[in-house]
Structure formats: C-alpha cells, structure tokens
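Novice: The residues making up each chain are set out below.
There are 2 protein chains.
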Amino acid sequence: MNYPTGLNKKWTKPVTYNNRGMTLEEDINLTNDYYLEIDKAIIHKKPTPVQVVKVDYPSRDKAVIKEAYYVVPSTTDYNGVYKGHYIDFEAKETNTLNFPLQNIHKHQIIHLDKITKHHGISFLIVRFIKLNETYLLKTEDLISFINENTRKSIPYEYFKEKGYLIDFKYNPRLDYLKIVDDLIEGV
Amino acid sequence: MNYPTGLNKKWTKPVTYNNRGMTLEEDINLTNDYYLEIDKAIIHKKPTPVQVVKVDYPSRDKAVIKEAYYVVPSTTDYNGVYKGHYIDFEAKETNTLNFPLQNIHKHQIIHLDKITKHHGISFLIVRFIKLNETYLLKTEDLISFINENTRKSIPYEYFKEKGYLIDFKYNPRLDYLKIVDDLIEGV
Chain A
1 MNYPTGLNKK
11 WTKPVTYNNR
21 GMTLEEDINL
31 TNDYYLEIDK
41 AIIHKKPTPV
51 QVVKVDYPSR
61 DKAVIKEAYY
71 VVPSTTDYNG
81 VYKGHYIDFE
91 AKETNTLNFP
101 LQNIHKHQII
111 HLDKITKHHG
121 ISFLIVRFIK
131 LNETYLLKTE
141 DLISFINENT
151 RKSIPYEYFK
161 EKGYLIDFKY
171 NPRLDYLKIV
181 DDLIEGV
Chain B
1 MNYPTGLNKK
11 WTKPVTYNNR
21 GMTLEEDINL
31 TNDYYLEIDK
41 AIIHKKPTPV
51 QVVKVDYPSR
61 DKAVIKEAYY
71 VVPSTTDYNG
81 VYKGHYIDFE
91 AKETNTLNFP
101 LQNIHKHQII
111 HLDKITKHHG
121 ISFLIVRFIK
131 LNETYLLKTE
141 DLISFINENT
151 RKSIPYEYFK
161 EKGYLIDFKY
171 NPRLDYLKIV
181 DDLIEGV
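The listed protein sequences correspond, in order, to chains A and B.
Going by my numbering, the first sequence opens with residue 1, and the numbers climb by one from there.
Going by my numbering, the second sequence opens with residue 1, and the numbers climb by one from there.
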C-alpha cells in the first residue's frame, strides 16, 4: 500500500481547543495525546473502517478515493498498552439519561468480553451530555446488566452505582487511566 | 457515527483460498482469524487510515464517500492481546534479498520501540517473497541494526541470524505466536 506523502497535512481539519462543544472523541484524543507526550501510555484511536471501491490516480504519487463506504467496525475504537497491560475500550455519548444498548454493536460487546477473558483491561466510556458527566463502566458490569435485564438501555443510575466518574480537567482532559490503576489491582 | 447496515456484505471482495499468490497480509489475517476462532489470541489488523473529504447521502441510511485520501498511519497495522500481553507489529513483503528501511515509516519504528519500553511485545514480520520465507524480527534487533549501520536496507542474512523463521503451514498459516511464546519468556 502506497501512502501519498504530503496529503496528510493538507487535509487535516483545524481543531479549536475551546471548552465549548468538545466531543467525547476529541476529549479522549487529547487525553491520549497527553499520555503519549508524558510517556505514560500508548493508546490510539483506530481509523474508521472504510471499504474502498474506486480509486483514481490523477498523477503518479496521488491516489484519490472516489467511491467508498463506511463498514461496521469489527472491534472497538481505542486500544493500546499501559504498564504492560492491554487496554481496549469503546466510547459513546448519549443525549438522554439512558445509554441505549443499540449504540454499541453486539460484536463489540463480545469483543470487550473476550478481551477481559484474555486478561486485557476493557471497558466502556459513556458521556451523559446533558449532565456533562463521563463514566467508565467495566465490561463485566456491562455484561451483567445485559444478562440480568430485558431493558434496551442502561439507566444513568446504573453508571452512578457501578461505574466510575472520570475527572474532567484541563490536562489530561479525561484522566481515565487513574481509574484503570484501580482496575489493574483487580487483574 | 452511523454505519449503514448491509453495505458491508455487499462490498466485501470474494477471497480465494488457494495456495498461489497469497499475500503476507492475507496469510496473517487468516492466521489471526484462526487464533480468534480457537480463542488463543485477539489480534486484528487496523483499518487503513483514510481522510474523508466529501460524503454524499443518496438516501437516509446510505453514506457514500465521494472524495477521500490515504493518510500516513500513525501506528502499526496489527495489535491485540495474547496471554494478557499487548502485542503490536508491522508486516512487510520484499521482492529482493534486502529489506529496504524506507518500507517502514520512521514513526512506526518509534512506535514499536515505545511499545517495547512499555512492556508490550512488538516486532516486525518480513517476507522474502522469492525465498518464500517469513521472519519475525524483534524490535530491539531492528533498532540495533539501524543504530549500528549506515545501510538503508537490512540484508536477508541479518534476519537469518537475528530473526526467527515462522513456520508456514495449512492452519494456522503463519504461526507467529509460537515464536511470541519464546519472547514472552524474556519479558
């Protein structure tokens, strides 16, 4: 696979670092950048999977994708290494006081479960936008809820009871590794 | 992010499982599928990073990417978890009896080095197409070569001396975890 050089910079969208309207994804990316910078952990967001159908080559070094489709991801969005542990998680926002289970693909839940069984550390991060609160929920608590309930969404109260509220501050934006430190004790 | 349902299957290319002309990527994907199936390890190829510029929505559920560009990946192609260890590697083919260092991005080498320092297991897999031999080279041996040589390519002999020849068989196609077992002893 040839990657055209130079295009990357050209097409990078400018990011504004104000405090309003930062998405959960932006906050997590900033947090991961910070962890990388201070050499605390190496955690990256995976690229969004795309099925490329048609590519044009207007010149020797350029490849322009002219037709492509988003495909369902087979895993989660984030993974990496922290203190030698394999870290794997999915992050979602919700506008209500419920987290609809349809927001996460079934095979992503299966993936998170497998990771835990293989002694990795896996979890779900959910932001309740209206409350501006972000929780980390261990995979085992996610699975427990699904197994013990017929509801199609997880209520906020369950996150408050079983999850861990993630500190929101300037830097790191969302210090989720502080919570992972506690989880590591239990591995 | 909404993923249109159904499109995935529609655009998946048929894969032919004959023994001729399988690329290294195909062999590794088959191997990882096998590891997943027998529940030995969870290792996936990351999607190829693409910068999407223009998306059309011909109907409510469909998103057609009409303009996008390949971007330089910030990490390696493969990562996952095996026996609780974080695994991370890049895989490349070469047509000659040298592995040109320009085939791997400098920041990918830095990434592999960081992974090792964070107690993950990282390496490079290189296939010498003409010999039909595939080697695993530990990141530390890759870095050593770069530090101790001015050559712009790593000769086959170096892989033969420092690397590990990966068995090629029917299933798993390329049993690289057999070698990782030895590396784990040294972590």
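Bear in mind the hints are in silico, worked out from the structure with no lab data behind them.
Warning: the hint list may mix true and false statements.
Each pair may be met inside one copy or between any two copies, as identical chains are not told apart.
[As the list claims (entries may be wrong)] Derived lysine to aspartate or glutamate pairs resembling EDC-like cross-links, with alpha carbons at most 16 angstroms apart:
1. 54 to 140
2. 46 to 77
3. 83 to 113
4. 66 to 185
5. 40 to 113
6. 54 to 26
7. 152 to 182
8. 40 to 26
9. 114 to 33
10. 130 to 39
11. 162 to 141
12. 117 to 37
13. 117 to 181
Novice: Among the hints numbered above, which are violated by the structure, and what are their numbers in rising order?
Specialist: Hints 1, 4, 6, 7, 8, 10, 13 are the ones this structure does not satisfy, whereas the remaining hints hold.
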